[in-house]
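2 protein chains.
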Amino acid sequence: MAENKIKPRILTGFMELLPADQILFNKIYDTIRGVYESFGFLPLDTPVIELSQVLLAKAGGETEKQIYRFNKGDNDLALRFDLTVPLARYVAQHSGELTFPFKRYQMSKVYRGERPQKGRFREFYQCDIDIIGNEELSLVYDGEIPAVIYNIFRKLDFGKFTIRINNRKVLNGFFEALDLSDNITDILRVIDKIDKIGSENVISELERLNIDSSKIQRIMDFITISGTNNEKLEALRNIPMDNEKFAQGVAELEKVTEYMRDFGIEEDYFEIDLTIARGLDYYTGTVYETVLDDYRDLGSVCSGGRYDNLTEYYTNAKLPGIGISIGLTRLFSQLKEAGIIRAESSSLVKALVIPMGADMEYTLKAAGNIRNAGIPVDVYYAQKGMKAKMKYADKLGIPFVAIIGEDEVNNNTVALKNMTTGEQKVVNIDDIAEEIKTQMRKGSN
Amino acid sequence: MAENKIKPRILTGFMELLPADQILFNKIYDTIRGVYESFGFLPLDTPVIELSQVLLAKAGGETEKQIYRFNKGDNDLALRFDLTVPLARYVAQHSGELTFPFKRYQMSKVYRGERPQKGRFREFYQCDIDIIGNEELSLVYDGEIPAVIYNIFRKLDFGKFTIRINNRKVLNGFFEALDLSDNITDILRVIDKIDKIGSENVISELERLNIDSSKIQRIMDFITISGTNNEKLEALRNIPMDNEKFAQGVAELEKVTEYMRDFGIEEDYFEIDLTIARGLDYYTGTVYETVLDDYRDLGSVCSGGRYDNLTEYYTNAKLPGIGISIGLTRLFSQLKEAGIIRAESSSLVKALVIPMGADMEYTLKAAGNIRNAGIPVDVYYAQKGMKAKMKYADKLGIPFVAIIGEDEVNNNTVALKNMTTGEQKVVNIDDIAEEIKTQMRKGSN
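Protein chains in written order, with the numbering used here: chain A, 94 to 538; chain B, 94 to 538.
Just chain A, same shape as in the assembly (with noise of 0.2 Å):
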């Protein structure tokens, strides 16, 4: 047979989990999905693989630079690095049979074959919604995004959060006002670094693009405006700033404000803050970034923002749209290194059944009445020692073991025992899905 063994590994930059790990991420996972799905966003699975042609309509620089790229037959073929170009090219192909405004989410693994660091992933899932609509979008969806990630974040329980939102308009606006247009693409990218390189080299670097120092002053007294979110409004309005693209920005910026309040968010989980402009091009009005308090350093784990024509690679159609991402491999990497999450158990069942003797068809039926009262369970099958099986139970965390031996099946018993309290009960087999539910409304587990 095969005598040269081949290594068993994976490449870097790839994140291959565990089983007790995988059961945690894909907690998070679905905890995200059905938040997305609790809001109307549909589900949408577009393929890996797409044609170079359509996939890179866009792209550019960095991205095309990292694109996992190949030949397959007379096709050039790439894989998605994105959610947001495959979301372009659908809505454009299938605007017909879509009905707008067309709420989606995605949440699958994109590739970008990068020099592989720390937190950097080459296959990595975003999970993604984004709003289209058909010639206009509502306001009130400005406020919608952040309230889905408010209950997100809520109830994934990292601890305190941030929404942080910002209007381009504003930035755009106030920028226009100084007459800085041509700079602004630059002095935006200066700005969106103030968190991590702070005021004074924000200056340095403003003054390198050549810029008047009384600009930069009202540049620095424009970014650095604290307060409430009420306040900073009303220090926004008070701005004497003949500009009508600033002035529809700060009226927007207020109005979604108020939506957000109006869909739950508590005033200290989102803040103003008009250093964020999102680098990308793209966006147009509001954008967000998200920050958990406790680990700030984390960076954003999660942004997005408004832009006017998601699809103007490939139609003429004007479909303005509002989206965010959640980076998830990333943030749960992130997580886990930073100790915020651990994997709880290595099993998803809550009862082990374990027969002592050979009787079979007894131990199936407990088994199968405790499955079909919906409580997943696993039965020990191996021959081994009652320890050795005890053992396996407490490995992989399972809360309850129902134990049959002789007397029991004599009986018409289990022996139930509950793993975290040690209690032992002798149960009638027809009523162990019901006493397991009864010990786990009690209890933790």
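Everything labelled a hint here was simulated from the structure, so no lab data went into it.
Please note that a few of the clues may not be correct.
Copies of one chain are not kept apart here, so a pair can be met inside one copy or by any two copies together.
Unchecked claim - Derived pair list, reagent style SDA-like, types lysine to any residue, alpha-carbon separation capped at 25 Å: (1) 120 - 139; (2) 253 - 347; (3) 120 - 248; (4) 248 - 136.
Got chain A; can you put chain B on it based on the hints?
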């Protein structure tokens, strides 16, 4: 801007669904996953891209030709073409960290760049379960695997189905006794086709393999043994055959059918079928196929079996296993085309809140009340007429609509319309969720 639009399209051989079908697909996916988990299978999520050297350790022939293989940097990479090889690699790599028997499920996309043809996909979901033992693996699992499949297909409700089982030891022993071991692979391949090509053609093909007509007669007598499961077992026991392997296979088959009954599989849902061999070389014991009785031409919708050694290309450890796979993409596509399943709704929400005026605070409070009670809900924000709004709900198949006009805001109510019955009822804003739940329990929505 971009003047030359790129035609939005995907590659042939890739399945991409509209929302209503995606909802239906996910419902099936979630049902399968739920049953897998209820039997204690653990989730696994291996990378789509692996090192070619690792992934192709075992491959050859057709598989290797179909593979998506490419270079990135210095790496020779390939997309997984099934979930079994990644499982073998994973188990070999992590054997020290896993608890055996290791039960895992993986429901992921795999890639085969074959020529696209009807019902064949280049990207498709496989929904696999496998149970891997360390050195040994109880025969009870040979009964558990079909029990899982039984529970899934009962839940999915695609109509009556039959799980066909056989044992490779019975086949191998039988042909050994006839002194046909050298031809066994060819003979099994011919036998495997009896359903498709009929007895006559099987005989001709066996003749072409230069097999004595007396032996062909014994083969045909053997593979056409008929009757109930017990009658078939009886007939097998009565075949005069001095072969250890054959005897062991018959004993296993008998034991496995007992276990299947113990697991609660009803007798007419499974059938011993001595023609099943499952082409693959590596099955060594029990083998399975599953057919939908009313749609036999779909072929086997779920196949698998027992193998002696999962990881031989990677380690010297002896890790026997048993597994089965549902090719979900193909199955879904076939079921849709045959009209066995059809999409029921283009929405996941159970209620749509429709504000007639502009009181967003009240509207969002109503929606929040519904959502917080666990009912997925959406709000229709667009400034359209009442008719357009109701049409939207109807088109998406949303069962309840909560209309909010000036009266409702003043009286702290909503007008709740049941879209199935047409009934409308004024309900207090705090009681909407309860009222929807009551009506859902009563009705069919």
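Do the hints match the structure? See the list:
no.	hint	result
1	120 - 139	both (23 Å within a copy, 17 Å between copies)
2	253 - 347	within (24 Å within a copy, 60 Å between copies)
3	120 - 248	both (11 Å within a copy, 23 Å between copies)
4	248 - 136	both (21 Å within a copy, 22 Å between copies)
Of the numbered hints given earlier, the model fails none.
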